[in-house]
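J.: Line by line, the protein sequences are chains A and B.
All letters in the first sequence, in the order written, are residues 627 to 842 by the numbering used here.
All letters in the second sequence, in the order written, are residues 4 to 1033 by the numbering used here.
These are computed hints drawn from the structure, not numbers from a lab.
A couple of the hints might just be wrong.
[Said to hold, decoys possible] Taking lysine-lysine pairs in the PhoX-like style, the calculated list, with each CA pair at most 25 Å apart, reads:
(1) LYS744(A) / LYS915(B)
(2) LYS674(A) / LYS687(A)
(3) LYS783(A) / LYS69(B)
(4) LYS410(B) / LYS681(B)
(5) LYS674(A) / LYS69(B)
(6) LYS69(B) / LYS744(A)
(7) LYS150(B) / LYS663(B)
(8) LYS611(B) / LYS534(B)
[Stated by the list, open to error] Example chain B residues on the side facing chain A (calculated, C-beta under 7 Å, incomplete):
(9) GLU68
(10) LEU70
(11) LEU71
(12) PRO72
(13) THR74
(14) GLN76
(15) LEU80
(16) ILE81
(17) PRO82
(18) SER862
(19) ALA863
(20) LEU866
(21) ASP868
(22) VAL870
(23) GLN941
Think of the CB as a built atom: it goes at the ideal place given N, C-alpha and C, for glycine as much as any other residue.
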Amino acid sequence: MKLFVFPRWANKTRQLLGLAMGGAPVYLTAFVWYGFSPKTTDVGYQPKQPVPYSHALHAGKMGIDCRYCHNTVDQASHAAVPPTATCMNCHKLVHPESTRLLPVRESAATGLPVEWVKVHDLPDYVYFNHSAHVTRGVGCVSCHGRVDQMEVVHQDKPLSMSWCLDCHRNPEPNLRPPEEVTNMNWKAPADPTSYGATLREQNNINPPTDCSTCHR
Amino acid sequence: MKPKSKPKYWRSLSELEGDSEFQEFVEREFHSPTEQTPLSSQGRRRFMQLMGASFALAGCRWQEEKLLPHTTQPQGLIPGVPVNYATFMDVGGVATGLLVKSYDGRPIKIEGNTLDSVSQGGTGTFHQAAILGLYDPDRSSKSLQGKTPSTPDAFDAALLDAFAAAVKKGGAGFFVLSQASSSPSLARLRAELLKQAPMARWVSYEAADAAGPRAGTQLAFGKALTPMYRPENADVLVALDSDFITSAFPGGIGHARAVASRRDPDQGKMSRLYALEASLTEIGSLADHRVAVAPSKIAAIAAYLDAQLSAGRAAPGAQTAPDEAAVGGAQIKKVLDVIAKDLLANAGKSLVVVGSGHAPEVHALVHRINFVLGNVGSTLQFRETGDTLAGGVDELASLVADMEGGKVGTLLILGGNPAYDAPADIGFVSALAKVPASFHVGLYVDETASLCKWHTPLTHFLEAWGDARAVDGSYRIAQPLIESVLGGRSELQILAKLLHLPKQDGQSVVRDSLGLSVAKLGSGADKAFRKAIHDGFVGESATALEVELQQIGAINLPASTDLEVIFEVDPALYDGRFANNAWLQELPHPLSKLTWDNAALVAPDTAKKYGLSDAHPCTVTLDGRSVTLPCLVAPGQAEGTIMLALGYGREQVGVVGGFKAKDVLSVGANTYAIRTSKAPHFALGAQVKAAGSRVELAVTQHLWAIDAIGKQGEDEREDVLVREATLGNYQEFKKQHPGHAAHGAPHPGDIKGKVHHPPKLNLWNGPVSYDGHKWGMSVDLNKCSGCSACIIACQSENNIAVVGKSEVARGRELTWLRVERYYKGDDKNAEVRQQPVMCQQCESAPCEQVCPVGATMHSAEGLNDMVYNRCIGTRYCSNNCPYKVRRFNYRNYNLEFYGTTPYSGTDDPRAKLKAMAFNPEVTVRGRGVMEKCTFCVQRIQNTKIQAKNNKRPIEDGEIKTACEQACPTGAIIFGDLNDKTSRVQAAHNKSRAYELLQELNNRPRVNYLARISNPHPELSTQDGHSSEHH
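Could you put the whole structure together from the sequences, leaning on the hints where they help?
T.: Written out as structure tokens, the structure reads:
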């Protein structure tokens, strides 16, 4: 019977193994560092928008309700980005000459849309529905942070699957009366968890954790 | 391993004979799993060749996405919320009402219009697949002068000049060739054209000639009328070579629903259905008695029935009964005697229908039969034909004679493709060359367009205003769903401009016709018009006319010859107009299960006699013309007949159907090459001989064969998958077991499979209580005709990729829903059982247990969720699925076919256009991912969210899966099993409900309702399986 003989290059495996073991911690550290950094989960993602629109001014200082612009948020999966006409409702009269509003006036004149950059961008295999959350009493602030204090909107929460599931498994702390969803300053009158439990009972809220809830 | 006995139900001849080919299919989970398809193979090249290097790498991170809002929001429009619009699709001059789902202005899915009085929400394969046709980049997008690109204005100028010149001569020499049409607007414009140019001529032609029934009424009642069948009123139905429930038959969708409404053994009186036909058909699949007869025998059969019935009803002027040989032998005579008896017993409540292709004399005779039986008025009504165009072969032949004679100065071809589908003997192509000015308006730069001097693109029906009549004469209206994507114009627009109408846009033309034809409008016209476009129809069905029977002369019986050829329009490609639609090309033929090809269907004995064998080419010769195509040995085909499907062999349509100039081979063979104007439906005196060695046919009949613990085991247990009983036995059983519930309880003797199994125990306790919703489905085998509309509906709804011929042949097709076709009986008189199989959504699902990465999980509502983004492609789940409903993406099929996916991005305009057909509600899968039926979970979720937003419960029937919505017969029901009043719950509780492979204790959520046949006592045979348990 012919014996198996290791080929000559097999002698190098020990050195290679040593190299690999030396490299492993570096690799793992890099993997975790990059993989879990906000840059990857996109917390803090803050693209430049074509119009320097300030949520801090409109939603914060002037106190315009979120739904004045994002008016389909309680009816559809998309919280519609407002049409140019919505901007022009006021800006026909307010700062009609401002250069910063030039793209908006151009859009109104030409009929071509203002090209806003999407900040909260979920993977294409995730189907999120705004209306399902807003009508159940999950506040805007729970996922978007204090938009009323943002000069330029950035992504405030990781929007990762585990982050979604944290709330789907334990929704109480994030529940509020549905009429308070856009109120950025709302505070639970009692302990948020027990108050949330009452609301959950009242409004029959049972967030599913099935795969097909979001993936289909 | 050879089974001990012949199986009772069989999928193919190779199974019936128990040869090794079928064994291999059953035993191998993955048919040829590892080989890579060579890229150069024909089926693949079809899609791949026009894909440029347009796939720029998008980078490691996902792209920056832009949000582009409207500048001014249209009122009532919510981004991302689909809106349904009513419209219709016209096939062969008959409209079927549709609802089209538009997603942010983009039509993505076609459904039936439940308000439609005829189709009642049912659709067929043509309608479902039209979405892919809309986004076909091979459609014509440019006007042409000869071969050089031109403009629509230049086309119009040339056409207007030609018309103006003709008008000066009173219109002489100006000819229009259109397709069959029932459009009141087109009729109005035609009248206007003939007013401006009285000597002009308008001719219509349709390859699927339906002139027979109308000419038949002329003979029978002295007046050309349009028949309206009312099968819902018929206790006995006799289909003589007439598949009148397919979407290819005028009003077929409505007939399917009406026939199925009388096939419920639990409700009302069940009808009895006889089908005498040459090839297996959909009506043959439903029939209680199906007999194979050659079409040349139909005239004699009708005459025989007339003689018997007229004697029974003492009606004068009957035919003399032909002898036994003329009707096809003693066996058939016996059946005819029983049919005659049954018809007489149900006079006034019966209906005899004969195929459209038969001669006017045969139609007249069948009209007479119905008249003598007193069926006219109840099961058969007649209405005024009005201004509809039927599209006869004779009309085209006379046009060609005029073209040859130099009488045609200008020919305007409005739609249609006569250079491809005209009968071979009249020489349309050579005559067309003699026409000085020819203008073609069509969807494609097709065979006809390239022979004309001018061409301009036509709109797809989803892009244009239009009107037409349904089969019952009621008015349908179409509105554009989208601006013409490739710059086409509708026939109405082109004619309105030609005739200098004051208002030339499609809406005005349609609206003006409506104002003229519906007198009721008046002051509230605007409101009425808006209601009309909302509903998709106006007014009631036409009034039924009284008719009086005339004397009919003795009918000529065709001389009996050895071999006859039958031409039928294809159930997928119709007359060839859908040849570039890949969904339809890949759709398995409802009976032969052939994809991407047509074949010569011959009975096993005929094949033996002429030395033909399965999948080997043969040459069929008729009057000196011949065509070579693969032979397919088809059980149930009438002996001495060859069935040829029309619509294949297109040489100039696109990268799917074939384009000679671009080196894309045609799909199938052009059988119009031997079809003549004298015998467009069937022709006698053909010759056939074998021609060459085996070719590859992509037949899906073996694929996904369920292995019920080994084939041998299945043969012993016989009918576990398809179960059936006779109506008598079923009713007897129900009487003996009142209050019977399906699960676990015995079935009537002949429904119950002879399965013995130990008490069923669960391997584990399910963690799910299903106290919310509990989705389930039922499939009624008594109603399924195998039409396959569900398959296309599923494909359209769920972004299921097209894989191509060679991949289908490897068993890699992706359709989530398949319709199993089983033969029953011997190969001469094979009957067919159809069984749609989709994911059974087992409560104790074998697939879920073996996924190493949790990519298929059980939901709280009992769905087997499939998570594409988790799937790593081990295929263990598919390996473990006893129902074989899981499909694997061996290649990046979507990228290959569409040229892009929502994730890859592209600048290629062709790919961008194709990708508009994707449903944005469903993930588009890539390579290496398993997929399967989800019960249309996107519809479930969206309805659930909407209902809860509005704080209301979900109503039964509010969620319809794509297959359920499409089904013309209502065989599929989906609903909540926790809702005790739901239709699906009622179906599951029926005595004839059963689960597939119940002994495995997978607890599937799909229940099948056993087929209950209603045979005539004198014809019911002991079909060889006893009711006692082993």
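J.: If a hint holds in the structure, say so; if it doesn't, say that too.
T.: Here is how each hint holds up against the structure:
no. : hint                  : verdict
1   : LYS744(A) / LYS915(B) : holds, 21 Å
2   : LYS674(A) / LYS687(A) : holds, 22 Å
3   : LYS783(A) / LYS69(B)  : holds, 20 Å
4   : LYS410(B) / LYS681(B) : holds, 24 Å
5   : LYS674(A) / LYS69(B)  : holds, 12 Å
6   : LYS69(B) / LYS744(A)  : holds, 6 Å
7   : LYS150(B) / LYS663(B) : holds, 15 Å
8   : LYS611(B) / LYS534(B) : violated, 61 Å
9   : GLU68                 : holds, 4 Å
10  : LEU70                 : holds, 4 Å
11  : LEU71                 : holds, 4 Å
12  : PRO72                 : holds, 4 Å
13  : THR74                 : holds, 4 Å
14  : GLN76                 : holds, 4 Å
15  : LEU80                 : violated, 9 Å
16  : ILE81                 : holds, 5 Å
17  : PRO82                 : holds, 5 Å
18  : SER862                : holds, 4 Å
19  : ALA863                : holds, 6 Å
20  : LEU866                : holds, 6 Å
21  : ASP868                : holds, 4 Å
22  : VAL870                : holds, 5 Å
23  : GLN941                : holds, 5 Å
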